[in-house]
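Participant: Chains as they are written, first to last, in this note's numbering: chain A, 1 to 310; chain Z, 1001 to 1310.
A couple of the hints might just be wrong.
Pulled a few chain Z residues facing chain A out of the computed Cβ check, cut under 7 Å [unchecked claim]: (1) Ala-1013; (2) Glu-1039; (3) Arg-1046; (4) Leu-1063; (5) Phe-1069; (6) Ser-1076; (7) Thr-1077; (8) Leu-1080; (9) Val-1098; (10) Val-1099; (11) Glu-1100; (12) Ile-1144.
Just so you know, the hints here were simulated from the structure itself, not pulled from any lab data.
Backbone N, C-alpha and C fix where the C-beta goes; we use that ideal spot for every residue, glycine too.
Residues per chain are reported as follows:
Number of protein chains: 2
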Amino acid sequence: MALSVLILGSSAAAPTLSRNQTAQLVTTERSQFLIDCGEGTQLQLRKYKVRFQQIDHIFISHLHGDHFFGLVGLLSTMHLLGRKTPIHIYGPKELKEVVEVQFKYIGGPGLSYKIIFHGVENRKDAIYEDQEIVVTSFEVKHRIKCFGYKFQERVKPRRINGKRVEFYKVPNYFRSKLKDGADFTTEEGEVISNEVLTDSPYPSYSYAYCADTAYNEGMLPEIKGVDLLYHEATFLEQEKSRAKKTFHSTTVQAGTIAQKAGVKQLIIGHFSNRYNDLNSVLKETKTVFKNTQLAIEGKTFLAGDSKSKK
Amino acid sequence: MALSVLILGSSAAAPTLSRNQTAQLVTTERSQFLIDCGEGTQLQLRKYKVRFQQIDHIFISHLHGDHFFGLVGLLSTMHLLGRKTPIHIYGPKELKEVVEVQFKYIGGPGLSYKIIFHGVENRKDAIYEDQEIVVTSFEVKHRIKCFGYKFQERVKPRRINGKRVEFYKVPNYFRSKLKDGADFTTEEGEVISNEVLTDSPYPSYSYAYCADTAYNEGMLPEIKGVDLLYHEATFLEQEKSRAKKTFHSTTVQAGTIAQKAGVKQLIIGHFSNRYNDLNSVLKETKTVFKNTQLAIEGKTFLAGDSKSKK
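Isolated chain A (complex conformation):
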């Protein structure tokens, strides 16, 4: 029922012994999606006991190594473990060339499964959708082309009210129609409104991942009102000029975007290695947006699990 995000890496640029490079696992009821894949992501997936052969869709934000150098290793291990299911990779269109050449000289029949590349553009229509979720991409503001991704749960089915369904003797075969909103007509010809027989669906949640980006109000329409927002906060506010120069964001900028977008909950990450202790990073962001948490490796965030009112 939940839309959740497991943090696999929080480090900007180089990995350290305590912080991995960017990668996140988005989980819905039926599926797992990987966003970005820094070096060592496959070990992070093992560490957190993710059954990574069940990941069929990987979203890469941009072609800086700290966001994709772990991809070929993961794909390679999937092959070694005998994967047959195709995998879909979404990202800047040049990613295809970059990945394929890594497997060009491995010899033999190549990988045991197909990789299907989807070049992402800055567009409003879905780049992926299934019965649970719709994923859209949006361009952020970085040194090179870089995409954010939004995961929006579809409207969920209405929930059957067991007692009333029993009372009105609704047959089992009709239950899926009830979930879709149909009224029920009894054998006597009486029409029972769907609202009598069902309760409102569980809420549909949304998660937006803003990748590496400078302060960019241009993306506000894309992330407006999401339940859970990941925004990078590479630097403290005192490094604002450095953030601008490197097309990254400060704590205050991340908080401001969250506040202006009216999101429910903010996760900050992509921390510069200059900050051993992240308390000041968190504290500074909270001065602008209170419901903020740190993207720490191994931590899971639930969209909708917000202390602020919905």
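Go by the hints and put chain Z onto chain A.
Facilitator: Coordinates of chain Z only, in the frame set by chain A:
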């Protein structure tokens, strides 16, 4: 004075939480050389406190991911840390294409230092040499082109005998000549033989790295009599047919090569993930070649530090 090898990874194919993929650091008195670079090698270098900006030469055996997927991450971090010194990379000539494309889309002026690629061939002359060491390559027997590397220390300078040098009043400027074997003529015209003034040099050691290989007596001339040999032992002897099929070696095969080559000490590695406990792997190799040790992450082996007689 020593030629040593630090093991950074021992795992065949996929990395695990306890075993990294192949990488080794060869250290001489003045230099550090990296052999192979599986995913996560940069973190292994950090873990074992190697000052990796001092590595100027990297040797890659072949283009299977478990031997080079960590290379671009390491090169990238060297860049992020402001490296200026060029780095030399030796390996199959296709490695240049595979590495360069990873940095093709990073934007800006590119890396802060030059990468100089050296396409390795199966040849007898040195691919690298300096005042301490000569590195040669040799082809091993794998599914794709794969090279082993031999590190041979040059003959070391003779060691000055302090007491006698003082007795014969050899001036300081002449000491380097003594180390090179020159005789000394006193002010009175007496010729003092170099052998009187100096002692024999320390022994010169050698290390051979056999990469991934099937049983291959063809390389015996290249590794004959080395002080320290690394030979893969992916499988126990009971998996001999699997070893043959995948162009890997068994314990007994590794031991047999060591024994036939008359090496002083054998390190085995590249262990299949099917073996949690490596005792049986070690034990089985020792039935053929007694002076064998396991390539465990973090372990350092000294060439010449052999229990067998020299």
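Participant: Are the hints correct? Go through all of them and say.
Facilitator: Hint check results:
1. Ala-1013: holds, 5 Å
2. Glu-1039: holds, 4 Å
3. Arg-1046: At 6 Å from the nearest chain A Cβ, Arg-1046/Z passes the 7 Å test, so the hint holds.
4. Leu-1063: Holds: closest Cβ of chain A sits about 4 Å from Leu-1063/Z, inside 7 Å.
5. Phe-1069: The hint holds - Phe-1069/Z has a Cβ within 7 Å of chain A, the shortest such distance being about 5 Å.
6. Ser-1076: Interface hint status for Ser-1076/Z: holds (4 Å vs cutoff 7 Å).
7. Thr-1077: holds, 4 Å
8. Leu-1080: holds, 5 Å
9. Val-1098: Holds. Min distance 6 Å.
10. Val-1099: This hint is violated: Val-1099/Z lies away from chain A, its Cβ roughly 10 Å from the closest one there, beyond 7 Å.
11. Glu-1100: With Cβ-Cβ at 9 Å, over 7 Å, it is violated.
12. Ile-1144: holds, 4 Å
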